[in-house]
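S.K.: Start from chain G and add chain C according to the hints.
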Amino acid sequence: MTAVTATTTKVRPQRRRLSPGKVLAWTVMAAMVLITLLPFYWILRTALSSNAALAAHPGDVLPVDPTTGGFERALGLQSTEEAIAQGGSGGGLKFWRYLLNSVVVSTLITVCQILFSAMAAYAFARLRWRGRDKVFGLFLAGLMVPTIFTLLPNFVLIKQLGLVDSLLGISLPTMFMTPFAVFFMRQFFMNVPREVEEAALLDGAGKIRIFFRVMLPMASSPILTLGVLTYITSWNDYFWPLMVSYSDSSRVLTVALAIFRAQTPQTGYDWSGLMAATLIAALPMLVLFGFFARRIVSTISFTGIK
Amino acid sequence: MTVASSSPPSRLSPRDVEGTAPQPRSGRKREHGGGGDGALAALFIAPAMLGFLLFLFWPTLRGIYLSFTRFNLLTPAEWVGLDNYRRMVNDPIFWDSLKVTVEYVFINIGVQTVSALAIAVLLQRLTQSAVLRGVVLTPYLMSNVVAGIVWLWMLDTQLGIGNEIIAGLGLDRIPFLADETWAIPTIALINVWRHVGYTALLLFAGLQAIPNDMYEAAKVDGASEWRMFWRITMPLLRPVLAVVLIMTVIGSFQVFDTVAVTTNGGPANATNVLQFYIYGSAFGRFQFGYASAMSVALLAVLSAITILQYRLTRAGQTDLG
Numbered sequence: 001m002t003a004v005t006a007t008t009t010k011v012r013p014q015r016r017r018l019s020p021g022k023v024l025a026w027t028v029m030a031a032m033v034l035i036t037l038l039p040f041y042w043i044l045r046t047a048l049s050s051n052a053a054l055a056a057h058p059g060d061v062l063p064v065d066p067t068t069g070g071f072e073r074a075l076g077l078q079s080t081e082e083a084i085a086q087g088g089s090g091g092g093l094k095f096w097r098y099l100l101n102s103v104v105v106s107t108l109i110t111v112c113q114i115l116f117s118a119m120a121a122y123a124f125a126r127l128r129w130r131g132r133d134k135v136f137g138l139f140l141a142g143l144m145v146p147t148i149f150t151l152l153p154n155f156v157l158i159k160q161l162g163l164v165d166s167l168l169g170i171s172l173p174t175m176f177m178t179p180f181a182v183f184f185m186r187q188f189f190m191n192v193p194r195e196v197e198e199a200a201l202l203d204g205a206g207k208i209r210i211f212f213r214v215m216l217p218m219a220s221s222p223i224l225t226l227g228v229l230t231y232i233t234s235w236n237d238y239f240w241p242l243m244v245s246y247s248d249s250s251r252v253l254t255v256a257l258a259i260f261r262a263q264t265p266q267t268g269y270d271w272s273g274l275m276a277a278t279l280i281a282a283l284p285m286l287v288l289f290g291f292f293a294r295r296i297v298s299t300i301s302f303t304g305i306k
Numbered sequence: 001m002t003v004a005s006s007s008p009p010s011r012l013s014p015r016d017v018e019g020t021a022p023q024p025r026s027g028r029k030r031e032h033g034g035g036g037d038g039a040l041a042a043l044f045i046a047p048a049m050l051g052f053l054l055f056l057f058w059p060t061l062r063g064i065y066l067s068f069t070r071f072n073l074l075t076p077a078e079w080v081g082l083d084n085y086r087r088m089v090n091d092p093i094f095w096d097s098l099k100v101t102v103e104y105v106f107i108n109i110g111v112q113t114v115s116a117l118a119i120a121v122l123l124q125r126l127t128q129s130a131v132l133r134g135v136v137l138t139p140y141l142m143s144n145v146v147a148g149i150v151w152l153w154m155l156d157t158q159l160g161i162g163n164e165i166i167a168g169l170g171l172d173r174i175p176f177l178a179d180e181t182w183a184i185p186t187i188a189l190i191n192v193w194r195h196v197g198y199t200a201l202l203l204f205a206g207l208q209a210i211p212n213d214m215y216e217a218a219k220v221d222g223a224s225e226w227r228m229f230w231r232i233t234m235p236l237l238r239p240v241l242a243v244v245l246i247m248t249v250i251g252s253f254q255v256f257d258t259v260a261v262t263t264n265g266g267p268a269n270a271t272n273v274l275q276f277y278i279y280g281s282a283f284g285r286f287q288f289g290y291a292s293a294m295s296v297a298l299l300a301v302l303s304a305i306t307i308l309q310y311r312l313t314r315a316g317q318t319d320l321g
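From first to last, the protein sequence lines stand for chains G and C. Counting along the first sequence from 1, when you hit position 214 you're at 214 in the UniProt record's numbering, and nothing is skipped either side. Counting along the second sequence from 1, when you hit position 247 you're at 247 in the UniProt record's numbering, and nothing is skipped either side.
None of these hints come from the bench; they were simulated from the model. Take these hints with a grain of salt, some might be off.
[Unchecked claim] From the structure, some residues in chain C lie toward chain G, with a derived Cβ separation under 10 Å:
no.: 1; residue: Asp37
no.: 2; residue: Tyr65
no.: 3; residue: Gly148
no.: 4; residue: Val261
[Claimed, not checked] Beyond 12 Å from chain C on every Cβ pair, some chain G residues (computed):
no.: 5; residue: Leu38
no.: 6; residue: Glu72
no.: 7; residue: Leu75
no.: 8; residue: Glu82
no.: 9; residue: Ile84
no.: 10; residue: Lys94
no.: 11; residue: Gly162
no.: 12; residue: Asp165
no.: 13; residue: Tyr238
no.: 14; residue: Asp248
no.: 15; residue: Pro265
C-beta atoms are modelled at their ideal positions from N, C-alpha and C, and glycine is treated no differently.
Here chain C stands alone, though its shape is the one from the complex:
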C-alpha cells in the first residue's frame, strides 16, 4: 500500500492518497485519442482481470459457499447450512486458538510498533544513513522459515546462545519455545525481529514528509527532543502510523510459518493460532467446509478491525497542508 506519493520527494497530498480521484485534464485526451479507449483497455486489463477473477474474486465467493458445506475434496461438497458455524461456536479449540491469536497479535503489534517508531525516529533525528536503513531491512530478506529455525537454535534451552547468556548472568534457563507461557511471546518477538525494519522504513517515509523547519523553529523556542517528539512528530505522523498499523494487524493475524517451523502448534495447543488450526482442519483432517467457516470468521474479524481502525483514525487525521 502506498502511504505517500510514489515520486520523491514524498509529500502527502489528497490526490495521491485518494485512490479513485478523477485525473485533472483527462478530458483533453479525447481530442487526440479519438473517442474512448475501450478496446485497448480491455486488452491491457485482460490478464490481470483473469487472475483477479480466477484466483481472488471467485475463490472468495467459493470460500463463503464452502463454509456452508461438508467437503473433503474427494466427494462433492454437500450443503449443510449453518452446521459448520454452529460447530465453530461450540468448539473450545476454536475459541482457544482465537485467544492465542489475539494474544500473539497484541504482543507482536505492541512491541513492533514501539520499536519501529523508535528506529524510525532515530534514523530521522540522529542520522540519515542509508547504510543503517539497509541494515535494519536485512531480516526482512529472510523467510519466516529461516527466521524460525535460526531463533529455534538461538533460544534452545541447553545449547542456545540466548540461554547461555542467561545462565552466564546466573539466572535460570528459559525454555522459550517449549513452555506454554513463553511460546507465544517468543514467536511474536521472532516475527518482530523479521518485520520491524520494514515497518520502521514505512514510518521513516512518513517522517520524511514532516518539514524540517518545524523542528528548527521548535529548537529556537527551546523545545527538547522529547517534547518535539510528542508535539510535532506524533501528531503529524498519526495518519501514516494508522495505515501502517492496519496493515501490520492484518498481517499478524495471519501468522503461520513461524509456528509451523518452531512449535507446530504445541506445547499443548499453546501456539495453535487460528491460521494453524484452519490449516490443520483442512489438510490434516480434510474438513474443508469447517476450515472455510473459520476462514470466514477470520475475514469478518479482519474486516471489522479495518473498518473500526479507519473510523478511529479518520477522526484524528492531521494534514500538513
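In isolation and in its complexed conformation, chain G is listed as follows:
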C-alpha cells in the first residue's frame, strides 16, 4: 500500500480507496456469501415447485408451477392417493409430534446440562476442596473421548435401564454435563472478580445463595451463548436419537427427516416434499438464531469456543 499523498484523496477516509486487490477480495467474499446462501434459496424454490414441473425445468431460478403440495405432503396433510399422484411416497411426517419431541429433548438437555455444568464449574472455579484439580483434569480428559466410543456402551446402558424408545433415553447421556460446558463455564467463573463474592459474603449471604443470586445472573451472556449452541447441537443430533428411538413416540425431527428421505420413491425422489420437510426441520433453528444472532456471533468471535 502506498503512503498517503497530500492531495484531495486525503480528505476521504483511507478505507474507501479501491485497489485491484480490494476488488478481488470483495469478489471472493461475495462468492463465498453466495455459496453459503444459495442452498437456502434453493430449498425454498424447490419446496414451492411441483415435482412434475421440476423435472421439466430443473434450472429455473424461480419456483416452477408454484404449489404448496410439498409442504402438505411433508406435514402429512395430503391423502395417500393425492400424495402418490404428486410424486410422494404417501408416507408423511407427523410433524407436530416430532417437533414436540425435538423441543422436549433439546430443552431438557439444554436446561439441565447448563445448570448442572454451571454448578460443577462453580465448584471447580470458586470452592476449595481436596482433589479439585485432579477431578477437573479427569473431566477435561473426557473431551478427548470420541462420541462413537461411548455410544455403544451407552446404548447398552439405556437398554438395561429400559429407556430405549423414550425421550428421557435420548436426553440422559448429555443431560448432566459435557466436559466442554463445564470447561467453558469454569473459564467464566474464574474471571469474575473475587471482590463481588466477598461483598456478598460480608452481607451474610451463603454460598448457595451467592451462586444462584450473584454468579448465575452475572453469567447470563455466556450462558445464553452456550445455551443456544447446546440447543442447536441437540436439535441437530442424529446418530444417538437414531440408535435409541424406534417409533413415532420418541422420534425427533432429524430422524424423521432421514426416514422421510428413505421412504421417497427411489425411481424419482419427491424433491419438492423433501425440500419442504428440510425447511420445516431447519426453520426453528433459523428463527432461534435470528433472535440471538448478534450476541452469539460476537461471543464466538471474541471467545473462540468450540
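M.R.: Chain C alone, transformed into the frame defined by chain G:
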C-alpha cells in the same frame, strides 16, 4: 474448547489457557468461608459427576472391555481375548474404511482450513461487519441430515442445479454422489459448507487478539497485505490455528450423518467411512464386540493425532505478550 479468554476483549494469556492453574488469592477465602467447602462442593458437583461417571467414564471402560468379547446384546458378553483385534487386522473392509476416512479427513480439513482462514482474514481486514459474520454461520444451524439432503438434491445428476450449470457450460454432467471417485470428495465438501463458517469465526477470534498497531506499523514500512499475512497474521495465529485444527480433525474423523443420508456407504463401499462401518457392525450385524474393537482403534488413532499435533505445535508456539 475455549481458545482465548471468555471475557471480551479477547486476550490470550497463560492463565486463561492453562486449565488447572491455581487461582491467585485463593488463600484468603478461608478467612471468610471458615474452612474448606467440601460438603458444598460435593453437592454442587454431584449431578455433573453422576453424568460423567455414568455416561462418559464407565462407558469408556466398558467399551474397552466389550472389545475383548463377543456380544450381540441378547446373550451375555463372552470373553474372547484378542479375537476381535485379530479379525480387525485381517479385515480388508476395515482397512478400506480407514483409508476412505483418511481421504475424507484430508480433503475436508484441507479445504476447510484454507477457506476458513480466507474468510476469517477477509472478515478481519476487509470489514468487521457482524451481519456478514452471522451470514457465514447460518449453514452451521442446519443439521448434517438437512445439509446432506439439500446437497443431494443440488448435485443430482439429472435435475440438480449444480449439473445444470455444468451442462450449461457445455461440460459433461458429474454423478457427484453416485460415482466411486467423486463421492468422498463431495461429502467432504458438503461438510465443509456446513462447518467452515464456525471454524472461520474461531479463527476470527484469534485474529482479534493480534494488535492492530502491528498492521499499522507494517503499513508505514510499506508492507503489502500479502506480506503482512505471512509475516504477521500467520505466525501470531499459529497457536489458535493449531487448536482449531486439532478440534476439526477429531470432529471430521467422526463423519457419519452425511454419509448415512446421502450415499449410505455406497457406491461399492466407496464412502464406507469407519464410523459408518462401526455402526453397521453393531446395529446391522449385532457384532457389538467387533464394533467396540474398531472404536478402540479409532480412539487410539485420535489420541495419537492429538498428542502428535500438540507436540508439533508446542514447538512453534508464539506469544503476543
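S.K.: Look at each hint and say if it fits the structure.
M.R.: How the hints compare with the structure:
1. Asp37: 4 Å, holds
2. Tyr65: 9 Å, holds
3. Gly148: 9 Å, holds
4. Val261: With Cβ-Cβ at 6 Å, under 10 Å, it holds.
5. Leu38: G/Leu38 is in fact no farther than 12 Å from some Cβ atom of chain C, at 8 Å.
6. Glu72: G/Glu72 is indeed farther than 12 Å from all Cβ atoms of chain C, at 19 Å.
7. Leu75: 17 Å, holds
8. Glu82: 22 Å, holds
9. Ile84: Holds, because the least Cβ-Cβ distance between G/Ile84 and chain C comes to about 19 Å, which exceeds 12 Å.
10. Lys94: The assertion about G/Lys94 holds, with a minimum of 17 Å to chain C.
11. Gly162: Since the minimum Cβ distance to chain C is about 14 Å, G/Gly162 lies beyond 12 Å and the statement holds.
12. Asp165: Fine: 14 Å to the nearest Cβ keeps G/Asp165 off the interface.
13. Tyr238: 5 Å, violated
14. Asp248: 17 Å, holds
15. Pro265: Fine: 14 Å to the nearest Cβ keeps G/Pro265 off the interface.
The structure is inconsistent with the numbered hints 5 and 13, although it conforms to all the rest.
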